[in-house]
Amino acid sequence: MFEAIAFYLFSFLTITMFFIAVTTSQALYALTALAAGMIFISAFFFILGADFLGAIQIVVYSGAVMALYAFGMMFFDTTRDVKEKQGNKFIIVGMGVLAAVLVVVIFAAPIVGDNIVAIYPMIEGAGNTQEVGMVLFTKYLVPFEVAAVMLLVAMIAGIVLAGKKMDLSLTLTSDDKIEEDENNKKVLL
Amino acid sequence: MMEIGLNHYLVLSTILFAIGLIGVMRRKNLLLLFFATEILLNSVNIAFAAISHYYGDLTGQMFAFFVIAIAASEVAVGLGLLIVWHKRHGNIDLETMTSMRG
Amino acid sequence: MEMFLYIALFAPLVGSLFAALFAASPKTLVAGVVPSLLLFISFVASSILLAYVLQTGGTIHVEMMTWMATGNLYIPFGFVVDQVSVTMMMVVTLVSTVVHVYAIGYMDHDKSFNRFFAWLSAFVFSMLILVMSDNFAGLFIGWEGVGLCSWGLIGFWYHKESATWAANEAFIMNRIADLGMLIGIFLVYWNTGTLQYDQAFAVMPSLDTEILTWMGIFLFIGAMGKSAQFPLHTWLADAMEGPTPVSALIHAATMVTAGVYLVVRSNPLYDLIPDVGLFIASLGAFVALFAASMALVNRDMKRIIAYSTLSQLGYMFVAAGLGAYWVALFHLMAHAFFKALLFLGAGNVMHAMHDELDPFKMGGLSKVMKGTFIMMTLASVALAGIFPLAGFFSKDLILEVGFIQHHYIIYSVLLFTAGLTAFYSFRLVALIFHGEERYKLFGIHPHEAYKFMLIAMSPLLILAIVAGAMKMTYFEMVTAVLPATEYHVHSEITYWIMTIGTQLFVIAAIAFAYKKYALSKVDVPDGSSDMEKSFIYKLLYNQYYIPHFYENYFVKPYREMSHAFWKEVDLLLVDATVDGIAKFIYNTGENTRDMQSGNLSTMLKWMVAGTVALLSLAVVFALAVRYLGV
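Protein chains in written order, with my numbering: chain U, 214 to 402; chain R, 1281 to 1382; chain E, 535 to 1164.
There could be a bad hint or two in this list.
Pairs of lysine-lysine, DSS-like flavour, derived with a Cα cap of 27 angstroms [what the hints assert, rightly or not]:
#	chain 1	residue 1	chain 2	residue 2
1	E	Lys1050	E	Lys901
2	E	Lys974	E	Lys904
3	U	Lys398	R	Lys1367
4	R	Lys1367	U	Lys377
Some residues of chain U that are not near chain E, with every Cβ distance over 12 angstroms (derived) [as the list claims (entries may be wrong)]:
#	residue
5	Leu222
6	Gln239
7	Phe259
8	Asp389
Hints in this document: simulated from the structure, not taken from any laboratory. Small disclaimer: the values here were computed from a predicted structure and weren't measured. By construction, the Cβ of each residue, glycine as well, lies at the ideal position given by its N, Cα and C atoms.
Same shape as in the complex, but just chain U (with noise of 0.2 angstroms):
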C-alpha cells in the first residue's frame, strides 16, 4: 500500500513539475522545476529497488547536469521572458501524444507476448549495489571504459569550447616571457 500511495504521489509531482517545465515562459522556473523532476525521479528509482541507479541519478543528474545548466544560463539573459511563436497547438499535441503512445506500444508488445527472458538475473540476498557491480565489471566493461573515454572528451570539449584566453598556455611559455607580460601589462594600465 505504502508503495502505492508513493507512487502516485511522486509521479503526480514528476509530472507537475516536467509540464512546468515544458510550459513556462521563464526559463527560471523551467530550470528549477526541472531539477525538481530529476530528484523525484530518483524516487521511483528507489521504489524500484533499484538503489544504485536512484543515487546516480541523483549525484550525476541533478548534481552535475543541473549545475551545468545554472552556469549555461548565468550567460544569458535570464531576465528576458522568452517569447515565443506559438504554432498550431493542436498539431503539437496531438502528434506528440501519437508518438508517445506509439514509441510505448511497439517496444512493450514483446511484453505483452511474454516473450522476455531474463538474461542477467538478480542475485537472492545481495544487494543492488554488489548485484551491478557484478555485471557492470564483468560483462559490460568494454562499455563502461567507452563511457569513460567518451565523459573525458566531452569535459575537454566543454573547457575548450567555453573557456577564455585558451591560446595562452602558462605551461608551455617560459619564464622570462610570463615576466614581460606582466610588466607590459603593469605598463598599459
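Please arrange chains R and E on chain U, whose structure you already have, making use of the hints.
Chains R and E only, in chain U's frame:
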C-alpha cells in the same frame, strides 16, 4: 489500482515521453529545448528500470546507467556550443537561426 | 526489269525532294527543270515496262519490304506491274511530264515557283504508288497521298481565302468518302484474311453475296469521293482555284480517275455483284447528264472544262458498272489526253487574258493565238467524239455497251449527254476564239504563250488524234487481266444507224453552238436578258443550289456544334482537368516548402510527424500480419 504493476510504470513513462516531445516541438529557445530533451531521456530511464524490476533482469538498469552517462556528456558539449553561439550572435532564439530560404 | 519499276516509282519522289530543298527560296529555274527531267526518266522507264508487258505478256511483281507483320496481318510494300497498272503508269507519267514542262512556263512569274514543283512531283509519286501497289493498304496510302497533294496544290496560293476554302472542301469531302473506303477495306480483310489483290479476289467467289455487296458499296463510296460523283461532287468545280497545270494534271487525268481505277482493279469483286454494278452505272449516267447541264450556262472557262471532266467520269463509271472494264480504262486513257490538252490550252488563254475567266469577255482570239486555237479545237473535237479522233473510239464504245446490254435508258441518257457535251465544248471554243474581239472593250492585250509550252503540249495533241488506232493493241494486252468481252451489235444495220446517227447528232449540236456564238452577235451578258432571268438558267447557273444546301444544312450546324463542344466540353472539362492536376502539384510544392526553411522547430515537428507515420505503418502491418495472415 492498489497493486502497482509494470503497466503503471509504462503509462507514466508514456506520459512523460509525450510531455518531452511536446516540449521539443514547442520551444523556440534553444536552452529550453535542451531541457525538454532531458525530460525525454528521463522518461525512458524510468521505463528501463521498471522493466528490469519486474522481470528480475539487470539489463535495464545497466542501460539506464549508460543513458545517464551519455546524457551528461551530451549536456556538456551542447552547452559549450550554445555558449559559443551566444557569444557570436547575442541570442539563442531558434527563429533567428534560419539561414536557408524556405 | 525490277530496276525500271523502282526508277519509275521513285524518280518523281527524288524530284519532289529536290525541289523541296528550294521551297523557301526565290524562284530558281533548276527547281523546275530537274523534277521535269526526273519525270521524263520515269516516263521512259514506264515505256520500257510497257514494251516488256506488250511483248511478253508477263507481269512484274516485287515486294520491296514488309510494312506490317503482326499476328495474322501481313501487309508488305509490294508493287505490281501488270497490264492495267502499266496503262495507268503510262498515262500518269506522260501527262505529268507534259504538265511539268508546261508549268515551267506557266508559273514563270510566280514567286512560289519552287514549292509548286515540290508538291507536283510529290503528287505524281503518290499517284504512282496508288496504281502500282499490289494490295489495298498500299492503294490507300497512295489515295491519301494524292488527297494531301491535291490539297496543297488547290490551296497553292494560300493567301487567297477562296483558294484555301476550296482546298479544305476538297480534302474534307475526300475524307468523308475515305471513311467508306476504309470500311470497305476492313470488310475485305475481315472476310478474306488478306489485303493482297490476287489472294483476296481468289477467296471472294466463295463468300456470301450480301457481304460482297457491302464490300462493293463501301469501296465505291471511296471512289465516289475521289472521282467526284454525286453527291460528293462540289469540290471538283471549286478546285479550279488552283493553278491551271494542277487542274490539268490532277482534275482531268490522274486523281479523279483513281476511283475508276479502283473499280477496274476490283473487277473480280464487281463481277460477282452485278446489282451494285448497275447502281454504279446508273449513278454514272446521272452524273454525266447532271454535270453537262451545269456546263451549259456557266461563265467560268475552267469550270466548264471541270464539269466536262465530271461528265466524262460518269461515262467511265457507266462502262465500269456494266462490266466493260477495259472500255472504261480505255476511255480513261483517251480522256486524259484530250482533257489535259484542253486545260493547258485554257491556261494559255488565261495567261493571255490576264487571268480573265469569263469567255464572254474574250472572242476572236484565233487571230492572235493560233497554236492554242488549233489545239483546243482539236481537243474539243476529240471530246465530242467525232471520227477518227480518240474520243469516238472510246465514247461510242460505251454507248454500244449500254445498248447491247439492253440498258436503253442509260443509253439514251448518254446519247443526249454526248450532244450536250459537243454543244458546250464548242460554245466555249466559239466564244473564246471566234466572233468579234470583245476583249478590246476591257483593254486587254493578249499574246500567245511561250513556244516551249506549245511544244510540250504537242504530244498530247498527237495522242488525242491517234489514240483510237491503238484500240486493238490495247485490247489484246489488257484482257490478260480484265474480262475480255467484245461488244458487237448483232446486226450490221443497227450498228451503222447507231454510229452515223450519233455522229450526225453531235455535228448538229456543234453547228448550233457555232451559229449561236460565233456567227451571231454576242454581248457580254449583264443579268438583264430574259434567259438569264428564267428559272432554269438560274438553277443551272447556281449548280442546282447544291453548294448552298451543303453550306446551310451541313457546314453551319457542324460549325455551331464544334464551337459548342469547344466552349463547353473542351475548355471546362479537359482543360480544367489538366490545369487542375498542375495546380494540385504546384500547391503541394508550395505547402511543403517550409520543410526546408532551416527553422529547427519546424524540422523537429516534421521529424516527429515522420516518426508517427512510420510507427503507425509498422503497427498496422504487424497487426495485419498477425490477424489477417497476409
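Right, here's what the structure says about each hint:
1. Lys1050/E / Lys901/E: 20 angstroms, holds
2. Lys974/E / Lys904/E: 18 angstroms, holds
3. Lys398/U / Lys1367/R: Holds, because 25 angstroms separates the two Cα atoms, which is no more than 27 angstroms.
4. Lys1367/R / Lys377/U: 11 angstroms, holds
5. Leu222: Label holds. Min Cβ-Cβ 31 angstroms, cutoff 12 angstroms.
6. Gln239: 19 angstroms, holds
7. Phe259: Label holds. Min Cβ-Cβ 32 angstroms, cutoff 12 angstroms.
8. Asp389: About 50 angstroms separates Asp389/U from the closest Cβ of chain E, which puts it past 12 angstroms; holds.
Hint compliance for this structure: every hint is met.
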